[in-house]
Structure formats: structure tokens, C-alpha cells
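> Here is what each chain is made of, one letter per residue.
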Amino acid sequence: MKVPKFSLPKGHLSLAIILLILGVLLSTSFNTHRNLSRTTTESRKKGLIDVVNELETERDDLRKRLISLNKELSQYEKKAADEEGVLASYTEELDSLKLDAGLSAVTGPGVQVTMADSPQIPIGKDPNNYIIHDYDLRVVVNALWAGGAEAITINNQRLISTSSIRCAGNTILVNYIRLASPYEIKAIGSPDRLVKALEQNNEVKSLLKGYAKAFALDIDINEASNLKLPGYKGSIGIKYARVDEGD
Amino acid sequence: MLPIAGLIIGIILGLVFKIPVPPAYVRYLGIAILAALDSSFGGLRASLEKTFEDRLFVTGFFFNTLMAAFIVYVGDQLGIGELYLAAVVAFGVRLFRNLGIIRRYIF
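Quick note, the sequences are listed as chains A and B, same order. Residue 5 in the numbering used here sits at position 5 of the first sequence, and the numbers go up by one each step. Residue 14 in the numbering used here sits at position 14 of the second sequence, and the numbers go up by one each step.
Hints in this document: simulated from the structure, not taken from any laboratory. C-beta atoms are modelled at their ideal positions from N, C-alpha and C, and glycine is treated no differently. This list has only true hints and no planted wrong ones.
Simulated restraints, written as ranges between beta carbons of each label pair:
| no. | chain 1 | residue 1 | chain 2 | residue 2 | range |
| --- | --- | --- | --- | --- | --- |
| 1 | A | Ile49 | B | Thr59 | 51 to 59 Å |
| 2 | B | Glu82 | A | Ile49 | 31 to 39 Å |
| 3 | A | Leu13 | B | Glu82 | 36 to 44 Å |
| 4 | B | Phe62 | A | Lys125 | 52 to 60 Å |
| 5 | B | Arg55 | A | Ile49 | 55 to 63 Å |
| 6 | B | Tyr25 | A | Ile49 | 27 to 35 Å |
| 7 | B | Pro23 | A | Arg178 | 27 to 35 Å |
| 8 | A | Asn128 | B | Gly100 | 57 to 65 Å |
| 9 | A | Ala168 | B | Glu82 | 37 to 45 Å |
| 10 | B | Pro23 | A | Asn170 | 25 to 33 Å |
Below are the DSBU-like pairs computed for lysine-lysine, each with C-alpha atoms no more than 30 Å apart in a straight line:
| no. | chain 1 | residue 1 | chain 2 | residue 2 |
| --- | --- | --- | --- | --- |
| 11 | B | Lys18 | A | Lys46 |
| 12 | A | Lys64 | A | Lys239 |
| 13 | A | Lys45 | B | Lys18 |
| 14 | A | Lys233 | A | Lys79 |
Residues from chain B shown here face chain A by an in silico Cβ test under 7 Å; the list is partial:
| no. | residue |
| --- | --- |
| 15 | Leu2 |
| 16 | Pro3 |
| 17 | Leu7 |
| 18 | Ile9 |
| 19 | Gly10 |
| 20 | Ile11 |
| 21 | Leu13 |
| 22 | Leu15 |
| 23 | Val26 |
| 24 | Ala32 |
| 25 | Asp54 |
| 26 | Val58 |
| 27 | Phe61 |
Just chain A, same shape as in the assembly:
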């Protein structure tokens, strides 16, 4: 009796060639899939998020260092002022310049404007309409400056001469710090004048009467008798601007 054996009497060569091709295909596919899964958008996104988080912690550390160094510096200044009477006038001038530049913490009367996204976005509606945008903040801030505000903070970020208010994804950047709703704008100045400036500004009017009503944005304007505003904490880093000696 002939039992079929597990052997390949015929076609050894052709089978070998085909299997060789199959082998190449298999390992190529294996490689490709390994590479693909390594570079999918998801994993790349995760890598980028990690980078952002890392850089943000680094930035926070540097900011902390800056604050402590500034503190040290002001201690030295104070010490110097105590030791030498000549320097006292300079220190005074420095203090007043710091006040002008928005580097020192200040207190005083003013107004507080709170702006918050709509608590819920109806399904099927454009969500962009229901949130506070960077331009909404700019409208309010500009009106406050126009009303004679002497110092303004948004969520405790002091606005100085180089500050910007801009949109970055679904957050707003002020002084390169990410802020999220609710936004609390505090401004020191004459409360009456500030409120009047807000009420008379056309853009603020359309924001309050139009958008805020239509899209349930939560915007509140309150006078305050004693606001506390922190100074600007970042670095200013003016690289290109020089004092014009002829002026």
C-alpha cells in the first residue's frame, strides 16, 4: 500500500522560488506595519503633547527662577538704597519707572469684567459662537485703556507694552500664558470713567447686547473699590529697540 508521504517529489524548485517571494512579501509587510504603527498620527500627537508639556514645565521653572532672581535683585536694591543715600533717589526713580512699565504689583479702585463661555452649546450649532474669543477680550481691554485704565490684568496676567492677546487653539494666550474661560479682566482707574468707557464703546455694546444675549455668553461688569493687580512676571527681552539719543 502506498501511503502519501510528506515529501515534494516534483516542483521543488518552483515551490522554492514562490516561497522565496512569499517570504520577501511577509517580512516586507511585517516591517511596513511596524513602521506604520510607530508613526501613526496618534503616537506622533502624543509625542508632541509630551514635548509641549515638557517645555511648559521648563518654562515654569525658568519663570520661578526669574521671580526669585527679581526678588533677590530688589533686595539688593533696597540694601543699596539703605546703605547709600545717594542711591535712594535712583531707587525711587526706578520704582516709579517700574510702576509705569507694569512691573510692580498695584492696588486701587477700578472695574472687574468677568467673561465666560456659554455654559452649554446646543447640538448642531456652531460652537465658535458660544465661546469667548481673543478679539472679545481685546475689545474690552481696548475700551478700558481708552477709559483711562492705569493697569489691567487678565486672569492675573498683567498687560504691559509688549503684551498680546491672541488665540491659540481653544485657549487664549496672554503674555504667552494659556488662559481659559472664565476670563477675569481687572482694571485700575476711575470706576465711573471705566464703566462709562465700556458702556459707550460700540464694539463692547454689540458684544454685550448682541452676542452675549444671543449665545448666552456670561459677561459681568462690576465696579470694585479695592483691586489687587500683580506685576508682570515674565522677561521683557527687548533686543532690537534702542534708545534714540537724538530725541
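Assemble the complex: chain A is given as a structure, and chain B must be docked to it using the hints.
The following block gives chain B in isolation, referenced to the frame of chain A:
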């Protein structure tokens, strides 16, 4: 022994040379593998049944692979990505049938 050596050499060649495949063609690679597997098992079965023919086997392999790729291509062009599934199912069914027959010969 020779066919198994061929398979191993092929795998090593593929691993060594790392032929880059653009993501758009990964599906074609997949279907080509299925076709190659189908042909290989078909050949194994035929040789166990003593009906193996070189010419039939080699032409079958290339014809099946090319046709499978062509069907996938046509499906992509016409927006019928499901044509790919048709090829996968057809090859899959044949693969398992051949496997079953081979099993009966061996055990």
C-alpha cells in the same frame, strides 16, 4: 527541504533589504501575501495529490497575485473598497480548504 530554505531566505532578504512600501500600497501588499499563501498551499496540496505541475503552479501564482491586485485597484478607482474584501474572502476560503485537504493527507 528546498522550498523551506527558499521561504527562510526570502524572509531574511525582506528583513535585510527593508523595501519601503508607501502607506497607500499596504493593501496591495496584503492581498499579494494572501495570493502567495493561497498558491503555496495549493502547490503543497497538489504535490501531495501527485498532480503538481510546475507550469500550472507558477502561472497560477503570478496570475492570482496580479488579478488580486487588479481587483483591489479597480475597487479603489470606482470607490468600491469592498472589492478588496471580495478578494480577501475568496483567497481565505481557498486557503482553508487547501489546508483541510493537506491535513487529511498528513494525518
